[in-house]
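Asks: Now for the letters of each chain:
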Amino acid sequence: MAVCEDKEQDPRIQLIASSIRVVPDFPKKGIMFQDITTLLLDPKAFKDTVDLFVERYTGNGISVVAGVEARGFIFGPPIALAIGAKFIPLRKPRKLPGEVISENYVLEYGTDCLQMHVGAVQPGERALVVDDLVATGGTLCAAISLLERAGAEVVECACVIELPELKGREKLNGKPLYILMESH
Amino acid sequence: MPPYSPSASAPLVRSLRLPSPSPLLPRTLPSSHLSRLRLPSFRRRLLLSVSTAVRAMASEGGEDHRLPRIASTIRVIPDFPKPGIMFQDITTLLLDHEAFRDTIDMFVERYRDKRITVVAGIEARGFIFGPPIALAIGCKFVPMRKPKKLPGEVISEEYSLEYGTDKMEMHVGAVQPGDRALVIDDLIATGGTLSAAIRLLERVGAEVVECACVIELPELQGYQRLGGKPLFVLVKAAEGEAVV
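If you read the sequences in order, they're chains A and B.
Heads up: the first sequence begins at 1 in full-length UniProt numbering, then just goes up one per residue.
Heads up: the second sequence begins at 1 in full-length UniProt numbering, then just goes up one per residue.
In isolation and in its complexed conformation, chain A is listed as follows (with noise of 0.2 Å):
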């Protein structure tokens, strides 16, 4: 796991980084797998992962943490709570049980969709969208999509890991991505 080169990298990042597993051949041969479940069973680990997220976007007038499913719900709760937001889930489709809008995006066999309670949130809200991991950024271009098109401003995309081969970076309609470490 490669630590982002920064002249200025917090001293709490190696420890996060130190404490995620990676699993070969999950889901399939030839993907090595990059597991957060052991950052969560490392408290402090878990802790500063969340802090950091929170420092950065104290005070910077966002109201919505919209998290991706499912691991998304379990950082982006954290952050939401700290800085006083409200807390978004995106959804495979049929789980949010009220109206909702959908977002398709492409695999790489076929299609996923992603979807939004209408109502979540309100036009001119500033949000925040979180998620463990950035890849290609398909699902996170499909969440930027959602919160657009229901007239919210996404302010970044944040993620602890990013693939950055898989140039995931790119596909987010230039919105800026933020993240604690790079695997490759």
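The hints are simulated quantities; they were obtained by calculation from the structure and are not laboratory data.
Each hint should be verified, as a subset may be incorrect.
[Said to hold, decoys possible] Keeping only pairs whose Cα atoms sit at most 30 Å apart, straight-line, the calculated DSSO-like set for lysine-lysine is:
#	chain 1	residue 1	chain 2	residue 2
1	A	LYS28	A	LYS92
2	A	LYS95	B	LYS146
3	A	LYS167	B	LYS114
4	A	LYS28	B	LYS146
5	A	LYS47	B	LYS146
6	B	LYS149	A	LYS95
7	B	LYS114	A	LYS47
8	B	LYS149	A	LYS92
9	A	LYS28	B	LYS82
10	B	LYS148	B	LYS82
11	B	LYS146	A	LYS44
12	A	LYS171	A	LYS95
13	A	LYS29	B	LYS146
14	A	LYS44	B	LYS148
15	A	LYS175	B	LYS149
16	B	LYS82	B	LYS167
17	A	LYS92	B	LYS82
18	A	LYS47	A	LYS92
19	B	LYS148	A	LYS28
20	B	LYS167	A	LYS29
21	A	LYS95	A	LYS28
22	A	LYS92	B	LYS114
23	A	LYS28	A	LYS171
24	B	LYS149	A	LYS29
25	B	LYS146	B	LYS167
26	A	LYS44	B	LYS114
27	B	LYS149	A	LYS47
28	B	LYS114	B	LYS146
29	B	LYS82	A	LYS95
30	B	LYS148	B	LYS167
None of the values given here were measured: they were computed from a predicted structure.
Fit chain B to the given chain A structure using the hints.
Replies: Here is chain B on its own, set in the frame of chain A:
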């Protein structure tokens, strides 16, 4: 006054629910008769107000001052996921920052001095409430997931659905013998998912201290399926009560 907390060892305390008869609540049928009823829309609208009334009154009588607001933010969606089901939607609670914070605070206050070493959250809405509690207490968070989501070695536990079965998985090595565990989900209905989580944790030698949910549907008697483990909830909702 501590928050309302039924335990499996005590009879379910009905006194915090509606006194009967109530002018707000007409004569009701047991939910077992009603949970699959198709209701015309005017009756559904009445049900919505009835459900809200039951929930609000459950929180009166000197309970924690935060409960009415928490209860009022929960939205009831009729006929989801199928006709006759009144779905308790906590996403509207998450839109109210104060209510969300109060919800977490009430759990944290209850558990911070109970030497909890692991919070196990059930996918997916348990992932929303569990981590903030774990962070505040300073203990580990373990996701309990649907099959094939967790990478690495897992143990599995099957549980019953209305039709068929499902499986819950937990990572091997996440929980150690002697860990004191809390199981978190947004809602307890039949208790099937919670009981699967309890079994997984006990199989690896953890002690399940309590199950904690925001909402209980008491008529479904899920508390009886927890293997004697206590249940703590903030809000009770009348799932199947309707006008006769």
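Asks: A separate judgement is required for each hint: does it hold in the structure or not?
Replies: Verification of the supplied hints:
Restraint check for LYS28 of chain A and LYS92 of chain A: satisfied, since their Cα atoms lie roughly 21 Å apart, inside the 30 Å limit. For the suggested pair LYS95 of chain A and LYS146 of chain B, the alpha carbons sit about 14 Å apart, so the restraint of at most 30 Å is met. Restraint check: the Cα-Cα separation between LYS167 of chain A and LYS114 of chain B comes to about 46 Å, which exceeds 30 Å; the hinted pair is violated. For the given pair, LYS28 of chain A sits about 18 Å from LYS146 of chain B by alpha-carbon distance, which is consistent with the 30 Å threshold.
Annotation: proposed proximity of LYS47 of chain A to LYS146 of chain B holds, straight-line Cα distance about 26 Å (limit 30 Å). As the CA atoms of LYS149 of chain B and LYS95 of chain A are separated by approximately 17 Å, the hinted pair is consistent with the 30 Å bound. A threshold of 30 Å between alpha carbons decides the hint, and for LYS114 of chain B with LYS47 of chain A the separation of about 20 Å falls inside it, so the pair holds. Among the hinted pairs, LYS149 of chain B with LYS92 of chain A is consistent with the structure: their alpha-carbon atoms are about 14 Å apart, no more than 30 Å.
For the proposed pair LYS28 of chain A and LYS82 of chain B, the alpha carbon gap of about 35 Å is over 30 Å, so the pair is violated. Under the criterion of a C-alpha separation no larger than 30 Å, the hint pairing LYS148 of chain B with LYS82 of chain B is consistent with the structure, at around 26 Å. Between LYS146 of chain B and LYS44 of chain A the CA atoms are separated by roughly 27 Å; this keeps the pair inside 30 Å, and the hint holds. Simply put, LYS171 of chain A and LYS95 of chain A have alpha-carbon atoms about 26 Å apart, close enough for the 30 Å limit, and the pair holds.
Distance restraint check for LYS29 of chain A and LYS146 of chain B: the Cα-Cα separation of roughly 21 Å lies within the 30 Å cut-off, and the hinted pair is therefore satisfied. For the proposed pair LYS44 of chain A and LYS148 of chain B, the alpha carbon gap of about 28 Å is at most 30 Å, so the pair holds. Restraint check: the Cα-Cα separation between LYS175 of chain A and LYS149 of chain B comes to about 29 Å, which is no more than 30 Å; the hinted pair holds. For the hint linking LYS82 of chain B to LYS167 of chain B, the alpha-carbon distance of about 22 Å falls within 30 Å, and the restraint holds.
Restraint check for LYS92 of chain A and LYS82 of chain B: the C-alpha separation of about 18 Å stays at or below 30 Å, so the hint holds. Between the alpha carbons of LYS47 of chain A and LYS92 of chain A the distance comes to roughly 27 Å, so the proposed pair stays at or under 30 Å and holds. At most 30 Å may separate the alpha-carbon atoms for a hinted pair to count; LYS148 of chain B and LYS28 of chain A meet this at roughly 11 Å. At most 30 Å may separate the alpha-carbon atoms for a hinted pair to count; LYS167 of chain B and LYS29 of chain A meet this at roughly 24 Å.
In summary, the hint linking LYS95 of chain A to LYS28 of chain A is supported, as the alpha carbons are separated by about 26 Å, within the 30 Å threshold. For the hint pairing LYS92 of chain A with LYS114 of chain B, the CA-to-CA distance comes to about 36 Å; that exceeds 30 Å, so the pair is violated. Our distance criterion of 30 Å between C-alpha atoms is met by LYS28 of chain A and LYS171 of chain A, whose separation comes to about 24 Å. With a C-alpha separation of about 15 Å, the suggested pair LYS149 of chain B and LYS29 of chain A falls inside the 30 Å cut-off, and the hint holds.
At most 30 Å may separate the alpha-carbon atoms for a hinted pair to count; LYS146 of chain B and LYS167 of chain B meet this at roughly 6 Å. Note on LYS44 of chain A and LYS114 of chain B: the hinted pairing holds, with a Cα-Cα distance of about 20 Å set against a maximum of 30 Å. Distance check on the hinted pair: LYS149 of chain B and LYS47 of chain A sit about 24 Å apart at the alpha-carbon level, within 30 Å; holds. Simply put, LYS114 of chain B and LYS146 of chain B have alpha-carbon atoms about 29 Å apart, close enough for the 30 Å limit, and the pair holds.
Taken as a hint, the LYS82 of chain B and LYS95 of chain A pair is honoured in the structure, with Cα atoms around 12 Å apart against an allowance of 30 Å. With a C-alpha separation of about 10 Å, the suggested pairing of LYS148 of chain B with LYS167 of chain B holds against the 30 Å cut-off.
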